[in-house]
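Novice: Chains as they are written, first to last, in the numbering used here: chain A, 365 to 814; chain B, 365 to 814.
It is possible that part of the hints are untrue.
Copies of the same chain are indistinguishable here, so a pair counts whether it falls within one copy or spans any two.
[As the list claims (entries may be wrong)] Below, in silico cross-link-like pairs of lysine-lysine (DSSO-like), each with a Cα-Cα straight-line distance of 27 Å or less: (1) K497 with K516; (2) K516 with K533; (3) K795 with K567; (4) K497 with K709; (5) K642 with K567; (6) K795 with K642.
Worth flagging that the hints you see were computed from the coordinates, not collected in a lab.
Protein chains: 2
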Amino acid sequence: MSASAGAVAGAFGTRCYNPALMPAPLVVQKFGGSSVAGADRIRRVARRIARERAAGSDLVVVVSAMGDTTDELLALAAAITDEPDSRELDVLLSTGEHQSATLLSMALHALGVPAISLTGAQAGIQTDGRYGKARIANVDPARVHDEIAAGKVVIVAGFQGQSAADIDKAETTTLGRGGSDTTAVALAARLGADRCQVFTDVKGIYTADPRIVTDARQLSVIGYEEMLELAHQGAQVMQVRAVELGWVNDVVIEVLSSFEDAPGTLIEEDPLVEQRNKVRGLAHDRNVAKITLVAVPDRPGVAYAIFAPLADAGINVDMIVQNVGHGGSTDQSFTVNRSDLARAKRIIEPIVRELGFQEMTTDSAVAKVSIVGAGIHNAPGYAARMFGTLADAGVNIEMISTSEVRITCIIAEDDVETAVRALHSAFELEKPDAVDATSGAGPGRAARAG
Amino acid sequence: MSASAGAVAGAFGTRCYNPALMPAPLVVQKFGGSSVAGADRIRRVARRIARERAAGSDLVVVVSAMGDTTDELLALAAAITDEPDSRELDVLLSTGEHQSATLLSMALHALGVPAISLTGAQAGIQTDGRYGKARIANVDPARVHDEIAAGKVVIVAGFQGQSAADIDKAETTTLGRGGSDTTAVALAARLGADRCQVFTDVKGIYTADPRIVTDARQLSVIGYEEMLELAHQGAQVMQVRAVELGWVNDVVIEVLSSFEDAPGTLIEEDPLVEQRNKVRGLAHDRNVAKITLVAVPDRPGVAYAIFAPLADAGINVDMIVQNVGHGGSTDQSFTVNRSDLARAKRIIEPIVRELGFQEMTTDSAVAKVSIVGAGIHNAPGYAARMFGTLADAGVNIEMISTSEVRITCIIAEDDVETAVRALHSAFELEKPDAVDATSGAGPGRAARAG
Chain A
365 MSASAGAVAG AFGTRCYNPA LMPAPLVVQK FGGSSVAGAD RIRRVARRIA RERAAGSDLV
425 VVVSAMGDTT DELLALAAAI TDEPDSRELD VLLSTGEHQS ATLLSMALHA LGVPAISLTG
485 AQAGIQTDGR YGKARIANVD PARVHDEIAA GKVVIVAGFQ GQSAADIDKA ETTTLGRGGS
545 DTTAVALAAR LGADRCQVFT DVKGIYTADP RIVTDARQLS VIGYEEMLEL AHQGAQVMQV
605 RAVELGWVND VVIEVLSSFE DAPGTLIEED PLVEQRNKVR GLAHDRNVAK ITLVAVPDRP
665 GVAYAIFAPL ADAGINVDMI VQNVGHGGST DQSFTVNRSD LARAKRIIEP IVRELGFQEM
725 TTDSAVAKVS IVGAGIHNAP GYAARMFGTL ADAGVNIEMI STSEVRITCI IAEDDVETAV
785 RALHSAFELE KPDAVDATSG AGPGRAARAG
Chain B
365 MSASAGAVAG AFGTRCYNPA LMPAPLVVQK FGGSSVAGAD RIRRVARRIA RERAAGSDLV
425 VVVSAMGDTT DELLALAAAI TDEPDSRELD VLLSTGEHQS ATLLSMALHA LGVPAISLTG
485 AQAGIQTDGR YGKARIANVD PARVHDEIAA GKVVIVAGFQ GQSAADIDKA ETTTLGRGGS
545 DTTAVALAAR LGADRCQVFT DVKGIYTADP RIVTDARQLS VIGYEEMLEL AHQGAQVMQV
605 RAVELGWVND VVIEVLSSFE DAPGTLIEED PLVEQRNKVR GLAHDRNVAK ITLVAVPDRP
665 GVAYAIFAPL ADAGINVDMI VQNVGHGGST DQSFTVNRSD LARAKRIIEP IVRELGFQEM
725 TTDSAVAKVS IVGAGIHNAP GYAARMFGTL ADAGVNIEMI STSEVRITCI IAEDDVETAV
785 RALHSAFELE KPDAVDATSG AGPGRAARAG
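Just chain A, with the same shape it has in the complex (with noise of 0.2 Å):
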């Protein structure tokens, strides 16, 4: 996997390790929008891969487009055209990759330290075509294999790949916001990279918004499923897809600070789940708005009726509950993204009016809140402990579901932060769990991560 150490330059030019007595480690490293926000912190960033070289490690290094570039560059697309082709919008983004990607590149070769930017294409990441959200089909890593035998630091351009192997037909594609969590975590699996490590602007995963509740807890660990359910239910650290990536392909991920040298929250296969059957931690997503129809015919079809024309549409529909028929017809509501709204009304209009709803509701002023933690549906007392605090609390909860390891109430937008911070404390989250005592911080916790 490695490298001719002794024909580098410069400061961080020389390498601790002899490749003689054992291989170098492979680290996928992930630098986010913000850390890369302007040359001083791309600077930074070189920095500190130079550390971890100079430790002894070999680095393929993933990179989202530089702070506000990704909306920047929508806003211009905007400004030309209410519906931007998706093709070239795709072209449009990556160049935000690019950008990043060959300065994070200047910045280690002013260090000294041999490197190169490849775009998503370049580095083998191939993609299902679909612009704007391609998911990646297969990743070909053999000029990124090339280019670390060759002695280099290999900046990847996130976020984005190309929809065949063959440049005549080969199209540019995104992988959809936060897209460069999942170009790290793949890359990591292809390259069966020893730590996978994910650098944000929060210092890993919290017990809670640490804006919100001030005695929110930094995790050590936490399971995949956990996760996965935080992060669908609104917590923001890392992109679903990459947890979904990580879990199948079991690659250790490791979520921590670009701003500070502190250990972060390893999200990995989680052993202790069955015992532990705990509440992990607590999420909030205000990006909600329910839609309600009122006096809905009950008969078969009407749910596909309403539901088969979002989804072509691209609309997410997340929890849906349907009151008990009385005299054949019922209440139905469910939640969309908020920024889905106005869409998914303009919708189900025409519906409404041709199958004989009496009316339909909408509410933008809402929000969910859930807590999460494996094992929690099937052990008794935790729903009932979570309804009781909020009625304490006077919030009022309009629409409720579950999953194995979540229970979510809807409840209005205002109430948000009464409610986290009760269930945080309900839930006594302040107070380090089990497996936090057990993993500890520091080099053993680490190791663990290799």
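Fit chain B to the supplied structure of chain A, relying on the hints for placement.
Specialist: Showing chain B alone in chain A's frame:
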């Protein structure tokens, strides 16, 4: 070369010509950075392209980066490091043209015009692989042909190519400043285009800079050689390499304004050169510095010792004047781009010491002023009239050089405007000449370009 007009939808979708009667003419258009600076200008360019297409043309459109994008990207790189890696810099800079190309394509889609953006690599622009100053080695227009045949306007990111046809080895290379002109002319040559139009922020080629000479006149036609000399001597409108490429491949280039619908200037082989024998235009250039080596040993090999290291460093030496030797030594003066002066001094200083020159002096407050016209070198009186005019205007001449179609004087920078105005008047450039009288404007002129 064309085109399923019937399949095309939208306001500009229908095309006027009848493909059964004749093939659509193929037009290559190039829009510079100021023409695509911002969403409004990009939409204006799209409307112009849509009109051309509605009139029946197949179109290949080459774009530069928007406005100051290239300078902003250079500033980003400079904020990272003083000496950015040249490979990474080329990838970084190429994103500017990717962005403008995709935005222009989106704007055409919004008008109902089928369009597709291609990177330089996708458009088959293959280069010799020299970063930052690549030459075009070949153009493989297969994909461009395919997209035209599919009825699309093809938008090509200018200024860039790739160093090999094989994606595993291909590296992005840029063609140097103004390289988009070269991209356009190379594509026009390879595609056998009927017209090659370069849209800029001026109306065409003028007898002198209209910001200095109020009665400067736009030329309707200029020969390749004259245009080359004007460009070499400081006229900024067209890139020298693009004019050379047009000359070699017999591509008629039309320079015209992207902001108004007015005839521009045709650059073409000029059959009237022999008869005309007249000054056609003036150029001036302030990007000049003079270096004088005093008391240079007058022996073989000295010039090589001075100029070879400058050439190796990529510093272009323009005018060289060597005074008659006296007592075994001579004085040598030469000019370089002002931006290269500091580097040139660093290179020459050790040579000065080694070869035992008396001293090196430099002057960066000089400028070049040139008269250009085919045949003037061999005709009597032009040089004399130029020198006399400058003397009458109180302008001192420091150095002189000539070519077949040009006489250039180095003068003090402060005298540039005085000199240009005096020469414009002395050579009666405000009066239309025979070429302009016979070619005229309007439809007849446009036909000549075909």
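Novice: Could you run down the list of hints and mark each one as holding or not?
Specialist: Structure-based check of all given hints:
1. K497 with K516: between (31 Å within a copy, 25 Å between copies)
2. K516 with K533: between (29 Å within a copy, 16 Å between copies)
3. K795 with K567: within (18 Å within a copy, 74 Å between copies)
4. K497 with K709: Within one copy only: 23 Å inside, 55 Å across.
5. K642 with K567: So K642 and K567 pass the 27 Å test inside one copy only (23 Å; across, 75 Å).
6. K795 with K642: within (12 Å within a copy, 92 Å between copies)
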